[in-house]
Each structure stands twice: as C-alpha cells, then as structure tokens.
Amino acid sequence: MPSSYKIQPEDRPFIEEMRKTPVGHHSPGLNRVLTLLRGEPTEGKEVLVIEEPHKKWRLGICAGERGTPIRLTKKVFDDLEEAEWYVFKRRWKKHTGETIR
Amino acid sequence: MLKLTGYSDRIYARPGQTIEFKVNCDGPKTYQADIVRLICGDTNPDGPGFKETLVRTDVSKRYKGRKQVIHAGSRVIIPDSEVFDRLDSFTVQAMIWPTTPDKGEQGLIVRGSPRARAGFGLMIDANGAIALRLADGKCMETVSTGRKLLERHWYFVGATFDAKTRRLSVFQEPLEIFPGVRDGGSARRTVKVRGPGAVRAPLVMAAMPTRIAGDQVFATGHYNGKLDSPRLADRVLDAAEMEALKTGLPASLETAVLAAWDFSLGIGTEQISDISPNRLDGNTLHMPVRGMTGWNWDGETMDWKSDPGQWSAMHFHDDDVYDAAWETDFLLTVPARMKSGLYAARLRAGSHEEYIPFAVSPAPGKEKKIAFLLPTASYMAYANHHVGCTGATELQNGCLAVYSPQDVHLHQYREYGLSPYDTHSDGSGVCYTSRLRPVLNMRPKYQSVLGGFKGSTLWQFNADTHLVDWLEAMKFGYDVITDEELHDRGLEALKPYRTVLTGSHPEYWSPEMWEGLDAWKRRGGRFMYMGGNGFYWKVAFSAETPGIMEIRRCETGIRAWPAEPGEFFNSQDGGYGGLWLRNAHPPQTVGGTGFSAQGFDLSSYYVRKPDSFRPKVSFIFKGVGKNERIGDFGLIGGGAAGLELDRAAPELGTPPNTYVLATSVDHTDVYMLVPEEFLETAPGLGGQECPQVRADMVFFETLNNGAVFSTSSISWCGSLAHNNYRNNVSRITKNVLKRFLDPKPF
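Protein sequences, first through last, are from chains V and F. Okay, so the first sequence: first residue is 1 according to the working numbering, each after it adds one. Okay, so the second sequence: first residue is 1 according to the working numbering, each after it adds one.
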C-alpha cells in the first residue's frame, strides 16, 4: 500500500546514498524514502520496456487502467542504474518540487 | 503488438504421440515453423549464450499465416430446444451477486437471435439496474427497475411477461435492506412487443449474444458476478410461486417451469444441469468459477461437498479464458528417434518470432537414470501474469519493473487471460489457469519482471533452461518429465529414475504429484531440490477439464488475493486448497526446508555450517574450501541465494537427521519474512535484521538408501554456468549428482 510518509529536509543526505547505490543495501532512512517513491500506485508510474535485450531500455508510463497500453517516452537508457537514478530524481521533484542536479 | 502467438494442445508427449500446434499470425502472409531442442534460453551476453538445435521433422516448412483471436468471457450455453417454443408468456428469475453493476449492459439470462432481432433478455442495464429486454423482430423494448444495484450484495431478480395483456414487469429485491438505500424496486409497463418471438437460438447466461454460428455463440455484455438458481417458466408466476422456486422445483410448478438450473450439480465439470423434466442441460464456456458460495450459504458449513446446495452459485468474469479454441495449423507426431528433452516449435516471420515449448518424455524402456522434473504446474500458475502492472511490484523488487515485449502485449491485450497472480477485472481472485492459450511468459529468451536486478532476469521456464544447459555441459544423460505427467501417471512416471532434479521454483503441487514423488522417495529415490519456495501451494487438476489448474489462495501465505470465506475447497477435485503447510504435508518434509523469505533485487551467497564438515557429507564439498563463499556470483541477481529462500525448520517438519550444510547471509531489506512465519506485526522482518531470512542448503537420508539434497534458493541454477561452469555452485551440484547416481549407501 502506498506510503503516507512525506519527505523532510532531513532526508536530503539520502540523495547521495541513492546516487551511489540505487539498488541493494540501504540505510533505514533511504528505505523510508524509497518506500514512498517506489510504492506509488500504477497510474502514471514509470516502468522500463526492453528495447534491445541486455542493452537498451525505454522509459514507459503506466496508465493504471486495464487494457490501456504503456505510453513509451523518448527517454532511453543503456544502463539500469542510470535509469534508477533518473526515475528517483523525477519522483523526488514530484514530491518536493526540488530538482536534483 | 506481437504478430505471432501460439499454443499446443499438449505440453508433453512420448514418441508416437501427436501434438497439435495452433498459431495466430496477424500480419505476415506466411511463417516458417521448425522444431528445435532447447538447451539454454538465456540471451544474456554474460551467460552461457542462447542455445538451440534444429531437429529435422516434417514440421519444417512455411505455413500460410492467419489471424486467430481469443473471445474471452465466461458464460453458460443451453442449446436450442423445441421446449423453448412454449415461451410466449413467461417468467425468468435468478439470484445474483453483481460485482461490476456500473460497467454497462450485462446479460444474465438471454435467449435471442441477433439476426432475427427477437427474443428476451434479463439483464443489468447501462444504469446498473435490472431490466428485461423484449424483441419480436419488429420492435424492441426494455423495461428497467431504474434502481441501481449495489456491488457484492445478493438480490432476487426477475421479470414476467403476459403475452395476452402485453404486461411486462421486472423486479430486483435485495436480500439485505439498509435504511435510506433504495436498491430494490420493480417496474410494470404495457409494451407494444408481442413476445419473444419464435426464434431458433440457444439460451445464454452471463453474456449477450451478438452472433450465433452453429455451436459457437459470440457475445458481448459479459456479466461479472455470481449467478445462482436461474429459472424459466412458461407463464406469469405469482410472487409465492417465484419464492418457492428459489430453493428447488416444487411438484406443483413442474408443468409451468421450463427449466430450473442447479449449478451445484456438476461442480468440477463444464456441465450445467436442469432439474426440471425438460432436461435443458448445457455447458459452460471459459470456466466460470464453480463451488462458489450461494445466496443461501449459512457460514456454518465450509466444504461444498457436505451440502452442495449452499454452493449453487457460479462466478462469471468478462476476462475468463479456458480454451482459446484456435484451429490447428500443424502437427508433430513425435518420432521414435527424438530423445527425451525440452523442445519447442519455433515460428518465424521476418523479425517476428514465437516459441511454443513442450517436453518429450522417453520411450518406455529407454529411460536414463536422471529425470529433470519440469515444473509445468508452476509455469501454469504464472501463465500470462500481470505482476508488473501492480503498484507494489517495484517495492517487492527494490528496483524498477522491466517489461519484455510479451509483458507489453499482455498489458494491453487482456483477452490472453490471467494467472492466479492476478485479479479479475472485478477484483476477484483468479483461481483457474489454462495452458490452452498462448502462454507468452513461458518462452525461451523471455526476461521476467521477477528475475532480480540486472543480469539475466529469468524466472520459471526460461530460468530452468540454466539447469538443462548445465546438464548438457556436464554431459549427464537425462530425461524430462513434466509435472503434468507426474500428475497423470504418479509413481510410474518416476519409477525408472535413480535421481530426480527439480526446477528452480517448483511451487505448485497437486495431491497426485505429491503422492507420486513421495512414493518414489520411499522406494529409495534420490532427490535434488534445485530451487526455492517449492511444494508450497496445493492445486487441483481434473480429467474433466484438461489444461486447467485450480488454486484457492486460502488462509495464509504470500497471496496475490485472498479466497473468500466458504471458498477454500477446490471445485476440480473437491480438496481443501491453500498451503501444503496447512494440509498436513509441510514442504519441509519433502526437501527438508520450506519457504521463509522473498525479495527480488540482489541475490547473495552461502557460508558453510559446521554440519558440512562431517564425514558423511564430505562428498558434497570435495574441492570446496573451508571458508569459501558459495555462489557469490551468478546471472540471477548476482548470487546463488536469491529471489525466494527456504530455511530448515524442525518445528515445521525438517527431518531430525538433516544436515544443515550452508546458509545464506547478507540479504537486503527488500527480502522479508513470509507472513505465515509471524503472528504479530513488529519491526525487523527484513533481510538485514531477521535471522529467518535465509536459504539453508541441506542433506538428509531417506528410507531404502534414498537421500535428499536441497539448495533452497531460486537463483541457484543461475550460478551454474559462471566461469565456464568452473565454480563452487557447479562443483557442489556435480558432486551431489554423481554420488546420487551411485547406488552405494551413504
């Protein structure tokens, strides 16, 4: 179920932790932020669609409705960690209004 | 959109038996079909590489392509009968529990000819109210109660029509009344329509026919919800008569009643029985769920077999699919020279490609000493799942959901049907899964959303080709026996083998499969459990409905949906569903370990435990150092201990003579303890804190010189090929298999 947590100014140090380790062992603080950011409902949620197996993945957006195709964006990644970081920044901005450079 | 999709009528065959292949080729004019032997389905350039070999058969040639589609949605079809000619004045009634009254027009009990534009239909109208539609070929009228039905509440509904006065009345009565909620009501009107007309048409329940072609009824307006005790009479019945019909067929009404269908008869079949003397029997299409609690279920009885009359409802869904019923495009009669193994019909048209996998069992008398038990029951459980579409997936995975082209197709084209990991469009759980449709995620080259972060991201069928590849690379002779064959033949299917190896995730077991394996083990069979979360869910197959598997997700366990109270017993075999753990056969009694945790980001490794240094099991670790990390490498999440993990638990059934050889460590917090392992909520259930989040590698001896070795992790097989098969996961597996083939006692 979606998290009710709201990102606080004290959560900013976790940005750097996420940049270094987008997937794997995380601090309790980053886990709490990720439970919010990764646990959003399907509508408007980012997914990756394999463009070339093991080489390229395209960012897609779920409609959240059965039978509605995934909307494919222009954003393509050749590295899955890079995709995790990109989506993290996008969601962080959505929740805080802050752009991560 | 995938242009080439297909399926076969059989999932296994022995030499001499014939498999029919059914293909949808939507676009290309022709396609090439060939039979290939599958060795490794993993396309990862860091892995052993994709491996298949062409098998020369009569199949190899180009075929003309044709589009074949699936018409999803369950319904009942009662064939046309002269008895229906008595329909002039009439009464139609039923008990219903609608689940999507707002979705638009839905047929309940409909008999009409779309071509003649004549007939009648008791239905839910566009406003969510009960209505009767009547058409005589010239005009059509619909009379509605105008009262919106509530979701998931029982109603007594019906309509009467008097052909003499042309008075039409329709009603809906809620069984439970809430102050201020106006969901019951009736309407009466004199109509111009003369009656349902003399049409030749079947009677359809839970859908509205759009076209009738011979035995086939094409339909729209599929009903979501339960339908119970439908009745049809050839005159206007009064309220007391209709009330009396709710629970049966009184003798006084026998002449008036054309049909009184009782869905509690034939639970587990596709047959529909009419208890009236007219015997207007019929069939279901696309398997509405049976053994569902009816309007009169009292909550005191839980097993439909003890009083079927309380389970006289069927639950229909607009996305039910059983048999896609496609035409056959080509056949393969398995030649005698085709050795047992994993095969597929490979279809190609330009850049489009499809594989339809199947297993070939050995010819009698030609069996090897090793059998790979292909977990086809578990493949069916995951068939065409939409796990990636749920909001929680990314949390469980600890990384973004990655879709394959097949997932994208399934996401959009819902007529390819669901898996028991999904819910229906009305939110109810999917408890039947069929292989008589293209199962797009049971394919070589397919990457799964459940296959861990980075690496090969394989799951189930394609992940299991890592084991096939290893058996080939190590030059072990082996046969492939499917779960379905084990279910069909029991012990006989395994009798020839000294050693049986499972796949990476043999999770779903029917009682027949269980007994077959257990009997083989009792006779001294040596068993290698090569995966995780095995022997977990109890499922049912039935000879009445080949190609279907049933699961009731009751009580506890990692559940995609909960079975409703009173619906814990399978319709197919009448058995109690749910976890084997709750059915007196804990998984720990089979492999020595049982499901304890899952997570889908990074896999980890094992460290040796004191038991591994005891002389009896020294053969397992020959060539493995004392402090070596076991499997800190691999194609599935980067390690041999990952995705789903099992632990040894003496309190749950791990045999007392079990050696715990190694245990996995250092799992991330995405890995969490399974719900059946804790009673109260408390922090500390993740991999960094919870000691039960681990895989235990175990060995124990069984009767008659038998033995069991268990890896207890789904990702184990993904590490076998590392460093050109020279690694400690491969070494341990080989040490065990070689020793297990030696009949000498341990």
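I should point out that these hints are in silico values taken from the structure, not numbers from a laboratory. Positions of the beta carbon are idealized from the N, C-alpha and C atoms, including for glycine. Treat each hint with caution, since some may be false.
[What the hints assert, rightly or not] Covered, in the sense of this in silico footprint (three residues per stretch, anywhere, with C-beta under 8 Å from a C-beta of chain V), are these stretches of chain F:
#1 2-10
#2 392-403
#3 406-414
[To be verified] Examples of chain F residues lying across from chain V (beta carbon under 8 Å, computed):
#4 Pro45
#5 Lys454
#6 Glu472
#7 Met474
Quick rundown of the hints versus the structure:
1. For the stretch 2-10 of chain F, the assignment as covered by chain V is violated, since 0 residues bring a beta-carbon within under 8 Å of that chain's beta-carbons and 3 are needed.
2. Counting residues of the stretch 392-403 of chain F whose CB lies closer than 8 Å to any CB of chain V gives 9, so the stated coverage by that chain holds, three being the minimum.
3. Proximity of the stretch 406-414 of chain F to chain V, defined as three or more residues with a beta carbon under 8 Å from a beta carbon of that chain, is established by the 5 residues found.
4. The restraint placing Pro45/F at the interface with chain V holds, with a minimum CB-CB distance near 6 Å, inside the 8 Å limit.
5. With 8 Å as the threshold, the beta carbon of Lys454/F comes within range of chain V, its nearest partner Cβ sitting at about 6 Å, so the hint holds.
6. Checking Glu472/F against chain V by beta carbon gives a least distance of about 22 Å; that is not within 8 Å, so the hint is violated.
7. The interface hint given for Met474/F is violated, since its Cβ lies 26 Å from the closest Cβ of chain V, which is over the 8 Å cut-off.
The structure fails hints 1, 6 and 7 (numbered hints given earlier, in ascending order).
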